[in-house]
Structures are given as C-alpha cells and as structure tokens.
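Protein chains in written order, with numbering that gives the first Met the number 0: chain A, 0 to 358; chain B, 0 to 358.
Okay, derived cross-link-like pairs now, DSBU-like style, lysine-lysine, Cα gap no bigger than 35 Å in a straight line:
hint	chain 1	residue 1	chain 2	residue 2
1	B	K10	A	K285
2	A	K248	A	K43
3	A	K10	B	K10
Taking beta-carbon pairs under 10 Å as the criterion, some of the chain B residues facing chain A (in silico):
hint	residue
4	E8
5	V13
6	P15
7	A18
8	V28
9	G212
10	I255
11	S277
12	R281
13	I284
14	E299
Keep in mind the hints are simulated off the structure, nothing from the lab.
The beta-carbon is built from N, C-alpha and C at its ideal position, and this holds for glycine as well.
2 protein chains.
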Amino acid sequence: MTNPQSPIEIKPQVPPPPAGASDVLRAEVSKIESVDDRVELFSKIPQTESEWLAFIAAFDKPVVEGVRATIDQSPITVERDEIEGVTVYHVIPDEIDPAHKDHLFVHIHGGAYILNSGEACMAEAIAITLVTKMRALSIDYRMAPRHPYPAAVDDVATVYKHLLTQRPARSIAMGGSSAGGGLTLATVQQLIKKNIDVPGALFVGTPGSDLSGTGDTFYTNLGVDRNIPIYDGVIEAMIRLYADGRDLKDPLISPIYGDFHRFPPTLLVTGTRDLFLSNTVRTHIKLLQAGAVADILVYEGVSHGDYLHVLAAPEAQHFLEVLDQFFTQHLQLTPKKAALMLERMNSALNLGLARSTSS
Amino acid sequence: MTNPQSPIEIKPQVPPPPAGASDVLRAEVSKIESVDDRVELFSKIPQTESEWLAFIAAFDKPVVEGVRATIDQSPITVERDEIEGVTVYHVIPDEIDPAHKDHLFVHIHGGAYILNSGEACMAEAIAITLVTKMRALSIDYRMAPRHPYPAAVDDVATVYKHLLTQRPARSIAMGGSSAGGGLTLATVQQLIKKNIDVPGALFVGTPGSDLSGTGDTFYTNLGVDRNIPIYDGVIEAMIRLYADGRDLKDPLISPIYGDFHRFPPTLLVTGTRDLFLSNTVRTHIKLLQAGAVADILVYEGVSHGDYLHVLAAPEAQHFLEVLDQFFTQHLQLTPKKAALMLERMNSALNLGLARSTSS
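Put together the whole structure using the sequences plus the hints.
Take a look at the structure:
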C-alpha cells in the first residue's frame, strides 16, 4: 500500500452520515440497502448482447414504474412523439409559469449511454417541470449496445435542429445529469463547431464529462458515493460499449478534452460525496477559463445524482429553485419583461452613479 | 469497523496524484515530505502557555522569512502602522491598477486564531496584491492563547470602522482564508447586526466557518488533504483556546450557524482534497439561501489553501484572476465607469429587446 508517486494514503474509516446535510438526505444516506443493492447490480458484467438487454430491462423496469406512478399523481400531461425519427416525450405542466411561457427545456437523460430508455428517460424532466412549471421535451435517444456513438449525439442534434425551425435558440434550455450532462456538453461542442445557434442556457448535473477514469474523486470518493459504489466493472463496460473502440479521451466521448469557447450560460451541480465531483468542478473551471458564464452548486453529503434521487430533501428543492432562476435569468426575455428589466437597471445604475458622485 | 448509522465504509487506498490537476500542482502533491512534516508538527499538543508560544514561534519563523524574501523581490512597498491600537501592514503595489485606484483590500489572515502573527500575517495579502495590483491592508489582530475570542473580531471591526471614516464601505473588499475566512464571516455578521455598512465584496477562502468538527469532508477527506493531515490534536486545541470555553457551535465562533442575510457579494474558493470543502460549500449554499450573490471555485486536487501555497500553479493564477474580476465587478464604481457601464447595458438591452420583438 505504498505509491512512490503519492504521499497520500487513505486509511480505512466509516464516516458518520453527513451531519451538515438535511435530515431527509441524511436518513437516505443512512440506508444500508441502497449501497449493497447497487454493488451487486454493478458487479457482474454482462457478456453477450442478450445478457446486456436483460440487464438493461431489469434496471429500467422499476424506473418506468416510478415514472408512471409520478405522472399519475402529478399535475402534468405526458405525450409520446417522434421528431425526425427520434422518440421524444413532451412533459407539459397543467399550469405553465408565465415567466417560462415561451421557454422549453430539452432534457437529455443519464444512464451511462445504456440505461433509462423509453418512458424511463423522463424521470428528471418531470422533477424539473414540476418545480419550474416549464414545458420539457425529453429525448429518448438511441443507445448502446445496439447504437453506440455517434447515435446519441446525432439524435439530440437532430431534435434540437428541428426545434430551431419552430423557436429561437435562446428560448431553449438544454441539459441533464451524468451521461445526460456529458451528452449535453458534447452536443453543444458540435453545434458550435458547425456554427449552429446554441441554447440560451444549459444545465449540466454531475456530468460524465471525462469517461477515461481521470479525475481525483474517482479515487478519493470511491466507496463514499452511495449511488456509484464501483466504477470499474459494469459502468466502465457500458462506457466502452458506447465509445465503440474510440479512445476514452477523444473529446467526442469525453467533452472535458474539447473546446468550451462560445458556450452559453451553464449551471452545474454536484455534491461532496459525488464520484463525479472532479468531473463537475473541472468542467466548471474549463467553462470559466473559456469565458462562459458558469455557476456551480456543491451540496454537502450529496452523492452522484442525489439532488434528483431524493426529491423530498431541501437540497433537491433548493437546486431546482436555483435552476428555475437560472433559466429565467438567461433564457430569452419577452419584450415586456426586457423593457421592465431595462427600466430597473437604469434606475439602479442612476442611483449608484448619484451615490458614487456624492461620496 | 461497522457503524449501524452508516452504510458507507472507506477502504484503505493510495490515490494517485490528481491527473486532472496542473503539472505544477501535481508535482507539489507528490512531495512526500510536506505531509510527514506536518503530521509531526501537529501531533503533539503544547500543554503550557510557554509551550504554546514556542510552538507558535517555530511555526511562524519560516513564514516571516518567506514574507521578507517575497517583499525584497516584489514590486511592492510594505509599511507597518497602527490603527486605534491594532497593528496593520499596508501592502502597496508600485503600480496600482486604475480599476482599483479607489479600492482597498482588507486582509484577514488565517492560522487557526493562533498562528501567523506579525509580518507573517500578510503572506496572502501580498500574493493577492501582486496579481490584482490593488492596495491591501493586512490586520495583525490579537490571538490566543493570550487573547482569545472576542479579541480578533474586535480588532478587525475596530480597523474596519476606522476605515469607514476615510472611505465608502463599497470601496472596501474584505477577506482571507481558513480562520481568516471564518473571521471575515463572523465580523460581517456582527457589522450587519449593528447596522454598520458592510464591505462591497468579500473573499472567503476555505473558511473555518464551522469549528465544531461538523462537515462531511472532515471525514471523507481525512488523510487526503496534504496541508491539514490531522484535525484532532493541535488544530482542535488551537480552536478551543480561541473559543475560550464557548460552545464551538456558537455562531460567534462558528459563523455557519449565524445569519447570512444582507451579506455583500462573496467569492469562495476550495478544492476537491480540502478538509474544509464541506465548510466552504455549506457556507456558499447558506449565502445563496439568504439571497446573497455568492460564487464558488472548486479546484481539482487542491488541498486546504493550496491556491495560495502553490502560487506558481495555474490553479492559483486562475483563482487570483477571478478574484480580481470579482472585486472589479462588485466594488464601488468611479462615476466615469458607472456612466460607461450604464451606456453599455442600455445598448445591450435595447438590442435584446429589438431581437426579442422581431423573433
């Protein structure tokens, strides 16, 4: 247990549940079942396509059931649709926030480019819609093993470009978590390369921005993240199916190695126990270095995606409120709202100017 | 090694140096000496006042030597001064950035309310002055064991209130790291309570905002942080000397438990290996929840205060540039600059309004 390259040695330890987190989150972190279940689920790599499909079906089934139950109980309507051959789900709140009347959230689900197909894709979109009261469209993009890279990016770009024939780019927010965050970044990098107008704002949650295993918290939060208790094994195998022989440091696969210039305003979210904490903070700093507006939220005791897994936690509710404000702030304004803001900023600045002159 | 309250078990591990960090930082992290030296330094608690004073003298000596060497080699002038009985050091760059002509950075040093007295206090102020080209004033506030709480807060408040007789509050930035960050937060909370104008902007680096040992990364980054390899022992003893019998969760000692309403814009900084990562992110979220403008930077592979210990690292340079921008953005504008900004915002908004109307 020595490494001539590193003086750092992590000793065995059982950290207490995070005392600075909310009661709801802490109770969830204290459940032993969740970790054991997931270790077992992610420990045996499927070997054939049919084994993979069985693994995927077993994983997705409870997610679909959860999505259906939520839809039944929630003030939203969901419609399955197709856009240029790509399946999408419209998630429409019964009551739309007037501030988001002209806005659309294009949701890119996570699941290591393998999981969460069909109705399972929209779990996150529903959670966001219920708080923001903003229309969402969740893309059921094609995935590995049958459709490796570039199918997912192509599907997202196809849907997005179609939407541009109907609405201005700045009325669209795009984003998602984990693979959905990575896919959002990769797609926007390709849009920028092709000089296509980018969305008005992005949401990038605990992104799979570096799929090569590079990132400090892949080590320092190993065993600490309750949602991804192991990364080697099934998850790494899923990534390799998606990459389809490409180098995992290819920017098409790991957008952290791509270009972040001309990126739209981006909100990132992660937690202190997130295995992808490094992925998230490295992406945030890259965005800032490229001149983008980029904000990051890091929640105490939150593991990979907990801000969406434990929706009853105040941490999740705070995140969703900040996301709502971020979209409101950066998406295209209605003429009426722009005029109001102009008026307010003028009076604030005139006041500041007066104070500054008098002092 | 089981805990009925927690399903999380950290296994022994030697994480590689952070591959996503800069070469300079990674080389520094790979130095074995630093950790071993510090473990030894912080493992034996002094028992008497004279043992404490010897410990302090041994710690501060190389810091003072480093500060003197830096002053000799740098385009700055340093002047020792007294303000209402409190020792301060003016740090004046040979060339002042015109954007900061009217600004002053009031620096509150770290060192667990015990260390870095005298000339040692201004190490961080010098690093910040050299990049921002902004005047700084570093406060050599009284410390334990001779002067426990509230001496430090009183000294900082005394100097700040004196400065208010000379310049507008919004021309002043205040801040520091570790205990300096905690002391900044505690002082501003007291200013707000007393209805005294707060500084225009704060810098709060890896703050000692919770000195009670609460915070997830006190556990999950234990042994990972190369600068504070142990917290129990000498550091905890220093905190108790400062608290002087007070509950460590008293907001006067641990400002995380205090009120953050009406706080000025605050920039926070930490890293993935920081033992105070939880302190920093919890403070950030509290500030946002209280309605403050608050930005956070989390650097890959950075331990407690590395952004100031490894100044040659691109991470440190990036942080200092963002800090400079943050101060420029939030401190009081000159009338000329305010007029220019007003003009620019008007045209940007009018343009947005035109676009919005035409689409």
